[in-house]
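Novice: In case you want the letters, here they are:
There are 2 protein chains.
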Amino acid sequence: MPVISSKGKAMPESPIRKLAPFAEKAVKEGKHIFRLNIGQPDIKTPIEAMDAVRNHKLDVLAYSHSAGFKSFRKKLTGYYAKHDITISSDDILITTGGSEALIFTMGSITDPGDEIIVPEPFYANYYSFSTQSTVTVVPVISTIDNGFALPPVKEFEKLITPKTKAILICNPGNPTGYLYSREEIRQLAKLAIKHDLFLISDEVYREFVYGNSEHYSILQERALEDHAIVVDSVSKRYSMCGARIGCMVSKNKSVMETAMKFAQARLSPPTFAQIASEAALEAPESYYIETVAKYKIRRDTLVEGLRQIPGIKVAMPNGAFYCIAELPIKDADHFAKWLLDEFHVNNETLMLAPASGFYSSPNVGLNQVRIAYVLNRRDLKKSINILKLALEKYTDQKTIVVAEENITL
Amino acid sequence: MPVISSKGKAMPESPIRKLAPFAEKAVKEGKHIFRLNIGQPDIKTPIEAMDAVRNHKLDVLAYSHSAGFKSFRKKLTGYYAKHDITISSDDILITTGGSEALIFTMGSITDPGDEIIVPEPFYANYYSFSTQSTVTVVPVISTIDNGFALPPVKEFEKLITPKTKAILICNPGNPTGYLYSREEIRQLAKLAIKHDLFLISDEVYREFVYGNSEHYSILQERALEDHAIVVDSVSKRYSMCGARIGCMVSKNKSVMETAMKFAQARLSPPTFAQIASEAALEAPESYYIETVAKYKIRRDTLVEGLRQIPGIKVAMPNGAFYCIAELPIKDADHFAKWLLDEFHVNNETLMLAPASGFYSSPNVGLNQVRIAYVLNRRDLKKSINILKLALEKYTDQKTIVVAEENITL
Numbered sequence: 001m002p003v004i005s006s007k008g009k010a011m012p013e014s015p016i017r018k019l020a021p022f023a024e025k026a027v028k029e030g031k032h033i034f035r036l037n038i039g040q041p042d043i044k045t046p047i048e049a050m051d052a053v054r055n056h057k058l059d060v061l062a063y064s065h066s067a068g069f070k071s072f073r074k075k076l077t078g079y080y081a082k083h084d085i086t087i088s089s090d091d092i093l094i095t096t097g098g099s100e101a102l103i104f105t106m107g108s109i110t111d112p113g114d115e116i117i118v119p120e121p122f123y124a125n126y127y128s129f130s131t132q133s134t135v136t137v138v139p140v141i142s143t144i145d146n147g148f149a150l151p152p153v154k155e156f157e158k159l160i161t162p163k164t165k166a167i168l169i170c171n172p173g174n175p176t177g178y179l180y181s182r183e184e185i186r187q188l189a190k191l192a193i194k195h196d197l198f199l200i201s202d203e204v205y206r207e208f209v210y211g212n213s214e215h216y217s218i219l220q221e222r223a224l225e226d227h228a229i230v231v232d233s234v235s236k237r238y239s240m241c242g243a244r245i246g247c248m249v250s251k252n253k254s255v256m257e258t259a260m261k262f263a264q265a266r267l268s269p270p271t272f273a274q275i276a277s278e279a280a281l282e283a284p285e286s287y288y289i290e291t292v293a294k295y296k297i298r299r300d301t302l303v304e305g306l307r308q309i310p311g312i313k314v315a316m317p318n319g320a321f322y323c324i325a326e327l328p329i330k331d332a333d334h335f336a337k338w339l340l341d342e343f344h345v346n347n348e349t350l351m352l353a354p355a356s357g358f359y360s361s362p363n364v365g366l367n368q369v370r371i372a373y374v375l376n377r378r379d380l381k382k383s384i385n386i387l388k389l390a391l392e393k394y395t396d397q398k399t400i401v402v403a404e405e406n407i408t409l
Numbered sequence: 001m002p003v004i005s006s007k008g009k010a011m012p013e014s015p016i017r018k019l020a021p022f023a024e025k026a027v028k029e030g031k032h033i034f035r036l037n038i039g040q041p042d043i044k045t046p047i048e049a050m051d052a053v054r055n056h057k058l059d060v061l062a063y064s065h066s067a068g069f070k071s072f073r074k075k076l077t078g079y080y081a082k083h084d085i086t087i088s089s090d091d092i093l094i095t096t097g098g099s100e101a102l103i104f105t106m107g108s109i110t111d112p113g114d115e116i117i118v119p120e121p122f123y124a125n126y127y128s129f130s131t132q133s134t135v136t137v138v139p140v141i142s143t144i145d146n147g148f149a150l151p152p153v154k155e156f157e158k159l160i161t162p163k164t165k166a167i168l169i170c171n172p173g174n175p176t177g178y179l180y181s182r183e184e185i186r187q188l189a190k191l192a193i194k195h196d197l198f199l200i201s202d203e204v205y206r207e208f209v210y211g212n213s214e215h216y217s218i219l220q221e222r223a224l225e226d227h228a229i230v231v232d233s234v235s236k237r238y239s240m241c242g243a244r245i246g247c248m249v250s251k252n253k254s255v256m257e258t259a260m261k262f263a264q265a266r267l268s269p270p271t272f273a274q275i276a277s278e279a280a281l282e283a284p285e286s287y288y289i290e291t292v293a294k295y296k297i298r299r300d301t302l303v304e305g306l307r308q309i310p311g312i313k314v315a316m317p318n319g320a321f322y323c324i325a326e327l328p329i330k331d332a333d334h335f336a337k338w339l340l341d342e343f344h345v346n347n348e349t350l351m352l353a354p355a356s357g358f359y360s361s362p363n364v365g366l367n368q369v370r371i372a373y374v375l376n377r378r379d380l381k382k383s384i385n386i387l388k389l390a391l392e393k394y395t396d397q398k399t400i401v402v403a404e405e406n407i408t409l
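Protein sequence lines, in the order shown, are assigned to chains A and B. First residue of the first sequence? That's 1 in the working numbering, and the numbers climb one at a time after it. First residue of the second sequence? That's 1 in the working numbering, and the numbers climb one at a time after it.
Some hints could be false.
Intra- or inter-copy, both count: the list cannot distinguish identical chains.
[As the list claims (entries may be wrong)] Computed list of lysine to aspartate or glutamate pairs in EDC-like fashion (alpha-carbon distance at most 20 Å, straight line):
1. 25 / 342
2. 74 / 84
3. 194 / 115
4. 74 / 24
5. 194 / 326
6. 18 / 257
7. 44 / 59
8. 337 / 282
9. 253 / 13
10. 75 / 207
11. 190 / 225
12. 9 / 257
13. 9 / 196
14. 74 / 285
15. 82 / 300
16. 9 / 226
17. 337 / 348
Just so you know, the hints here were simulated from the structure itself, not pulled from any lab data.
Model the full assembly from the supplied sequences, consistent with the hints where possible.
Specialist: Structure representation (structure tokens):
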């Protein structure tokens with residue numbers, strides 16, 4: 001039998017989706033699952049987007065421009081302008097999700113064996129896309145104890161080699177919820193310029209910022225024009241994960257011309273999804289305000305609830321809609337499976353994302369989970385209660401197992 | 001300034017799309033362009049597909065399963081059964097266009113430096129996707145003189161090295177229009193098994209077969225189960241190029257499990273497009289019959305017309321909706337630009353795809369173009385007339401230029 005590639009073998013299973021078979025079994029058994037494992041919001045997609053697709057007048061579903069609809073890219077410049085980001089439509093390439101923006105970025109700036117430095121924990125698929133491009137992820141560990149703030153720049157500097165091509169951040173962070181300050185971004189910008197590296201910023205959660213915090217984009221750093229590449233997406237902003245529309249934004253012409261060749265190869269981004277995404281820009285300001293207000297309440301509910309469970313450590317996230325929680329257990333992978341496979345409270349249980357998949361360093365974060373607060377407050381409260389009861393039972397069980405093992409031994 | 005990758009530099013510009021700026025200029029100058037350069041059919045998309053999207057009842061545009069809608073994959077097994085292909089829904093992975101199916105396939109079976117043997121001329125983007133995966137395309141030249149039939153198997157065998165992972169064919173062929181016979185497929189199957197290679201077949205034009213010919217899929221070869229990977233797409237079948245829905249089909253479990261990891265990384269294929277593609281399966285049999293009948297007339301019109309232009313050589317295509325024509329010129333790239341830039345007949349001109357982009361061997365096919373017969377008969381006749389007049393004028397001009405150069409020298 002012909003063999004699969006080393007690359008294919010090295011591709012990680014999604015830590016977010018690898019529990020799917022256990023979830024399917026739980027559903028078959030009649031359990032209801034609160035899905036805190038995946039950033040799939042329950043928020044309604046703007047009606048403007050949904051109606052635009054409902055009212056389409058197409059007879060032929062044709063290819064679009066490889067860079068995406070010109071009209072859409074033009075309107076996007078207005079969207080960015082509202083965020084103090086000044087770009088032209090030529091600085092934007094519409095992609096099939098933020099995923100493709102990352103794949104094009106990696107393809108445009110890295111060759112096999114090159115390295116990208118990434119603060120850890122990081123969005124698990126950065127590792128997948130790096131593997132796909134045969135690029136090495138070099139992690140800089142950030143810790144729950146200071147809320148996953150940017151590690152000192154000297155920690156990055158230590159890791160720079162002739163193979164280093166870029167630093168990749170997610171701002172605000174998935175899975176940490178950490179929002180980088182203007183000062184932190186400037187430190188990274190200086191570092192990127194000093195060592196002539198690209199600075200890639202995944203800003204798909206730009207709007208999801210709580211309290212008095214403000215998002216500061218790498219595209220606002222004038223001196224960084226040749227180095228900055230932003231990865232963006234409509235998925236979270238408009239609760240349109242299924243659209244699969246994102247974009248890559250850079251003022252570096254060589255980068256954009258190169259990315260365009262990757263874009264031409266795959267012909268075009270999906271047409272219906274572009275229609276929806278362009279129309280979503282017409283959603284009123286109140287859409288964002290209400291959405292963010294909802295998430296703020298959810299965040300507060302979640303963190304407050306988690307902090308009342310003995311043994312849980314959690315940092316207050318200032319952005320996105322995730323947090324990392326450290327649980328009083330040893331193996332979150334096992335716990336997450338057990339929740340689906342063996343546990344329920346009145347036929348209800350939880351799905352969590354074990355945080356191990358968000359670290360590339362071995363044996364880090366094994367007792368952590370990522371929780372996506374994408375459910376309404378009532379369901380979140382129920383989920384917190386289930387987690388509390390589960391931890392009590394799981395810890396008991398573990399104690400028993402250990403005791404039995406001791407006896408056997 | 002940080003530099004782009006060698007891979008990025010090596011990525012070819014799309015030969016189909018690189019003329020776009022010249023076309024845009026021509027349109028601005030008020031010229032009408034008959035676009036024979038790209039496989040964008042004018043055929044209407046099935047109303048079933050368009051209505052399914054118009055009538056969608058979604059409130060939240062959510063991620064789908066990474067492998068695509070289960071319901072869609074199940075229905076697809078029925079579609080394949082009609083083509084004597086027996087597979088289960090687990091053998092199908094829904095992708096974002098045939099493009100992504102190829103990218104997943106290459107990722108699953110090749111590592112940087114590996115080789116794939118491809119009969120040449122081939123679909124230009126095979127070269128792009130190989131470059132993206134840092135894989136080497138090893139061409140086997142097929143010639144216009146026997147209509148681009150499969151080169152003798154011994155020609156393939158000569159090129160097999162320890163780095164060879166697969167043979168990739170397009171059946172029926174883009175850009176050649178050649179339909180491989182059952183006997184040719186069997187020869188390739190034997191070769192793949194003998195050398196333990198994957199045989200990848202791009203069958204996106206499966207229905208577009210003319211006369212008494214029949215399509216024979218590699219999936220119909222029982223002995224090839226572990227070696228066969230089919231790349232498929234709804235783009236041409238239902239005139240839904242803008243959907244960006246395709247699939248990868250294989251009975252090799254390791255391949256499918258590996259491809260699934262690539263699929264999970266990019267989360268899911270586009271939701272609206274899946275709704276449309278699933279509904280397209282409900283299109284009546286008459287949709288295919290009428291479409292293929294139209295293309296047959298177009299093919300006959302085109303080939304007949306081309307054969308009446310002095311100096312043109314063309315092979316009768318038995319499938320897909322392309323043909324390669326050899327023109328009485330030296331440089332089809334220059335000619336194609338000139339058509340857009342300097343030539344018109346009553347403000348009408350042509351867009352052709354220079355065939356050089358479909359060859360990886362240097363200096364082959366320089367006088368050839370690919371013509372997509374995706375226009376109605378009347379427009380095709382006009383196009384043929386424009387080509388005839390253009391060749392007369394271009395040849396004259398070239399003679400003058402050469403004469404002037406001689407004088408200068």
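Novice: Does each hint hold? Answer for all of them.
Specialist: Tested hints:
1. 25 / 342: within (11 Å within a copy, 66 Å between copies)
2. 74 / 84: within (16 Å within a copy, 48 Å between copies)
3. 194 / 115: For residue 194 and residue 115, the Cα distance is within 20 Å only inside one copy (17 Å; across copies 39 Å).
4. 74 / 24: Intra 43 Å, inter 17 Å, cutoff 20 Å: inter-copy only.
5. 194 / 326: Neither: 36 Å inside a chain and 54 Å across chains, both beyond 20 Å.
6. 18 / 257: Classified as between; 12 Å across copies, 36 Å inside a copy.
7. 44 / 59: between (28 Å within a copy, 6 Å between copies)
8. 337 / 282: Answer is neither: 42 Å inside a copy and 39 Å across each miss the 20 Å cutoff.
9. 253 / 13: between (35 Å within a copy, 15 Å between copies)
10. 75 / 207: Within one copy only: 17 Å inside a chain, 40 Å across chains, cut-off 20 Å.
11. 190 / 225: Cα proximity of residue 190 and residue 225: one copy only (12 Å, versus 55 Å across).
12. 9 / 257: Intra 32 Å, inter 10 Å, cutoff 20 Å: inter-copy only.
13. 9 / 196: The answer is between: 19 Å across copies meets 20 Å, while 33 Å in one copy does not.
14. 74 / 285: within (19 Å within a copy, 42 Å between copies)
15. 82 / 300: This pair counts as neither: shortest intra-copy Cα distance 27 Å, inter-copy 55 Å.
16. 9 / 226: between (35 Å within a copy, 17 Å between copies)
17. 337 / 348: within (14 Å within a copy, 65 Å between copies)
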